[in-house]
Amino acid sequence: MNLMDSIKRGWQKLAWTWNPSSDKESGDAIVKNVLLHWFPNKVSAGSLSWSYSMWLGTISFVLFMILVVTGMILMFLYVPSVERAYSSVKDLEYVVSFGWLLRSVHRIAAHLMVATVFLHMARVFLTGAYKNGASVGANRPLNWIIGIVLFLCTLLLSFTGYLLPWDQLAYWAITVGTNIASSAPFIGEQTRAFLLGGNSIDQNALIRFYVLHVFFLPVVVLLGFCWHMWRVRKDGGLAAVDRDAREQRARETEPVKSKTYSLLGIVGGASVHVRAKAVDEEGNSVPSAPHLVRRILLVTIATLVVVLVLAILFPAPLEESANPAVTPNPAKAPWYFLWLQEIVTDTTLNVGVFTINGALIGGVLLPAFLIGLAVWWPYRDKSGHGSVGVWFAPERRRQNMVFLAICLLIIIFTIIGTFLRGPYWNFYWPWESWPSMPVRF
Amino acid sequence: MKLFSKSESNSPVTDTGRREFLSKIGFGSLVVSVFGFTFQSIRSLIPNVLFEPSRRFKIGFPSQLSEGMTYIEEMRLYVFKEGQTYHAISGACTHLGCTVRYTKLNQPKTVEIKGEKQSISHEFHCPCHGSKFYADGTNYAGPAPRPLQWHKLEVSPDDGQLIADMTEEVDQNYRLTV
Numbered sequence: 001m002n003l004m005d006s007i008k009r010g011w012q013k014l015a016w017t018w019n020p021s022s023d024k025e026s027g028d029a030i031v032k033n034v035l036l037h038w039f040p041n042k043v044s045a046g047s048l049s050w051s052y053s054m055w056l057g058t059i060s061f062v063l064f065m066i067l068v069v070t071g072m073i074l075m076f077l078y079v080p081s082v083e084r085a086y087s088s089v090k091d092l093e094y095v096v097s098f099g100w101l102l103r104s105v106h107r108i109a110a111h112l113m114v115a116t117v118f119l120h121m122a123r124v125f126l127t128g129a130y131k132n133g134a135s136v137g138a139n140r141p142l143n144w145i146i147g148i149v150l151f152l153c154t155l156l157l158s159f160t161g162y163l164l165p166w167d168q169l170a171y172w173a174i175t176v177g178t179n180i181a182s183s184a185p186f187i188g189e190q191t192r193a194f195l196l197g198g199n200s201i202d203q204n205a206l207i208r209f210y211v212l213h214v215f216f217l218p219v220v221v222l223l224g225f226c227w228h229m230w231r232v233r234k235d236g237g238l239a240a241v242d243r244d245a246r247e248q249r250a251r252e253t254e255p256v257k258s259k260t261y262s263l264l265g266i267v268g269g270a271s272v273h274v275r276a277k278a279v280d281e282e283g284n285s286v287p288s289a290p291h292l293v294r295r296i297l298l299v300t301i302a303t304l305v306v307v308l309v310l311a312i313l314f315p316a317p318l319e320e321s322a323n324p325a326v327t328p329n330p331a332k333a334p335w336y337f338l339w340l341q342e343i344v345t346d347t348t349l350n351v352g353v354f355t356i357n358g359a360l361i362g363g364v365l366l367p368a369f370l371i372g373l374a375v376w377w378p379y380r381d382k383s384g385h386g387s388v389g390v391w392f393a394p395e396r397r398r399q400n401m402v403f404l405a406i407c408l409l410i411i412i413f414t415i416i417g418t419f420l421r422g423p424y425w426n427f428y429w430p431w432e433s434w435p436s437m438p439v440r441f
Numbered sequence: 442m443k444l445f446s447k448s449e450s451n452s453p454v455t456d457t458g459r460r461e462f463l464s465k466i467g468f469g470s471l472v473v474s475v476f477g478f479t480f481q482s483i484r485s486l487i488p489n490v491l492f493e494p495s496r497r498f499k500i501g502f503p504s505q506l507s508e509g510m511t512y513i514e515e516m517r518l519y520v521f522k523e524g525q526t527y528h529a530i531s532g533a534c535t536h537l538g539c540t541v542r543y544t545k546l547n548q549p550k551t552v553e554i555k556g557e558k559q560s561i562s563h564e565f566h567c568p569c570h571g572s573k574f575y576a577d578g579t580n581y582a583g584p585a586p587r588p589l590q591w592h593k594l595e596v597s598p599d600d601g602q603l604i605a606d607m608t609e610e611v612d613q614n615y616r617l618t619v
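Chains as they are written, first to last, in the numbering used here: chain W, 1 to 441; chain F, 442 to 619.
Calculated directly from the structure, the hints in this document are not laboratory data.
Here the structure is a predicted model, which means the values were calculated and not measured.
Don't be surprised by glycine CBs; every beta carbon is placed ideally from N, CA and C.
Take these hints with a grain of salt, some might be off.
[Unchecked claim] So, partial list: chain W residues that the calculated Cβ filter (under 8 angstroms) puts toward chain F:
1) S87
2) V176
3) L195
4) N199
5) D202
6) A325
7) T327
8) L420
9) P423
10) W425
One chain only, chain F, in its complex shape:
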């Protein structure tokens, strides 16, 4: 008997079926393993932990904030104090995320925002593509599609400092009264 002689099978049909089955298993496992490797490679690139500053943070005691605007540079947040009330507007332009500039007007102007006449003394202007926003963040010129985001302010229960929560968006009527 030769070592590598062809077996003289009487039923080649079943043999073909077995080969097809084995080759399907082979290719199938190749596809599965390639898919698995691809999946784990890409998944590993989606971080589970981010070493970024928290988007909810303390900004100091309400009494220490000066009347008017305070800019928190690292978080690009404008915090406004009007007497007893506080609100916060994000400095990220809603068009492409450049930082809008707080622009003081030389003289207050009266504008109509959503049918209401208001007198404003400042605006926000975006340096990247020229979007302009009224004092309450309403967009009125340039490519910005939405008003600037307003963020929630709270009072910290432990020490009474103001907390800005940039993970939460609030509407333009939101005011925190302390």
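For reference, chain W alone in the conformation it holds in the complex:
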């Protein structure tokens, strides 16, 4: 009995911040718990809504944490050498207890992360959440750019991880991917040689991709994530807060005296005070502990379950060991690059006597253009405060149409590249069978 009591007391000591029993305790929770210190004391109910943000950013972060944890275990079991990489992955698949699950979870979480980060970006665009509202000191366009960098890092993380199993799938996806880099004018060949550490995909390339994958890029993502979150606080919270503030101003209530608990409230800058008007109004906001914390935990458990179920339903494939002499037919890049592969196939142009390699247009110029467009867009978007934090704001209708059209094209090309391309990159409907191709000759 005594033991049970002390266990219970110990648990309460650990867990009270997640489940505070009074308003005072929920304020204390934010200040005292290092894991919660970066949350505001109170959050607007609107920014907690499921339908506004769909929590895609949180899901992406949870997926990243799953990848970090499974990745660290995988690092104990994987050997990044040309001689042993493939067999260590094979051991993982057939010898190590739960190795197949570990690898499958890591792979599914990586694929899902590419998807959720992209969807998160689409959500931010469609709600006009990269726009500054009325609050002072906000710089949401900068946070949008940080987000783009995080998205590119996510793609690179996935791509560098692709080579590590050292099977045919890995080898040829990286062959195609790095040759796209070499089609860039002037510095292409050097870029490829620097990436690979030589002229061919060999030990140098493997160790480079490995270090990028397990250390360099994750650290960049982690730092970028911290900056991303810090900016969210500096910008006055999610854009939904600006929407609430606007509605509140329309009702013309007196500003409520605000009380701040966080460091950011003490340090200079007006953002907290401006936000405080809307956030501190009764009925408009709730304490972060437990409401925000509870939803984050809910999102975490849901993400974990979905990843686990998908990992069991779709186990990670492992083809035969990498063989530079035999190109699989068709040889496909990872699915999220297949729209590019589809485009590099279709865009070789003849201009007079000059022939421009499709790899340059589809693989270098087009992605560079799209990234530049995305960076530039928030500065071009001159729509009013009324379309900040609102899904499909009428004022931004044409912008949203353009954005959705680009997304739709990318998705269509991805589907064609994934499902409708067979041997020699010929077009096959799903109901047509592929001709049998000799593996060797």
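Fit chain F to the known structure of chain W by using the hints.
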């Protein structure tokens, strides 16, 4: 006299100049050292020695090669023997570097290459993006921007074996006659 008393200088202007100078030296050396570290870090990642097979190698005695095509798998090189003449075509697609497949045609077809009618019995097809090349490596379909590379063949002076030199590109008229 106090240890940390402020000196009562009569000329604060020269003092500011000295501080600025010292801080410029300080920041300057910081920039230089960061740049130096960055340079040496990146330079160390550019290999000076590559443990890759030589791109110039012996492929055997001319008489031992069979008539027609011989594929050297490790180097992705197609070597052709037509009677007394030899030539070599790279198997790396000029689009994105996949290995093109030697595809024998069921019946010879006549094609026009650079205004000349030729009868060919094989082609090269790329499995990655569907580029197609005639027997002499000329691209005619798909995204490949250039013909397949031709490489130089020589006879080794020491033992008379054929040497393929993949560091050197030659034009499509190149033939080695032995």
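Hint by hint, here is what the structure shows:
no.	hint	in the structure
1	S87	violated, 21 angstroms
2	V176	holds, 5 angstroms
3	L195	violated, 10 angstroms
4	N199	holds, 6 angstroms
5	D202	holds, 7 angstroms
6	A325	holds, 4 angstroms
7	T327	holds, 4 angstroms
8	L420	violated, 13 angstroms
9	P423	holds, 6 angstroms
10	W425	holds, 4 angstroms
In summary, the structure is inconsistent with hints 1, 3, 8 from the numbered list given earlier, while agreeing with the others.
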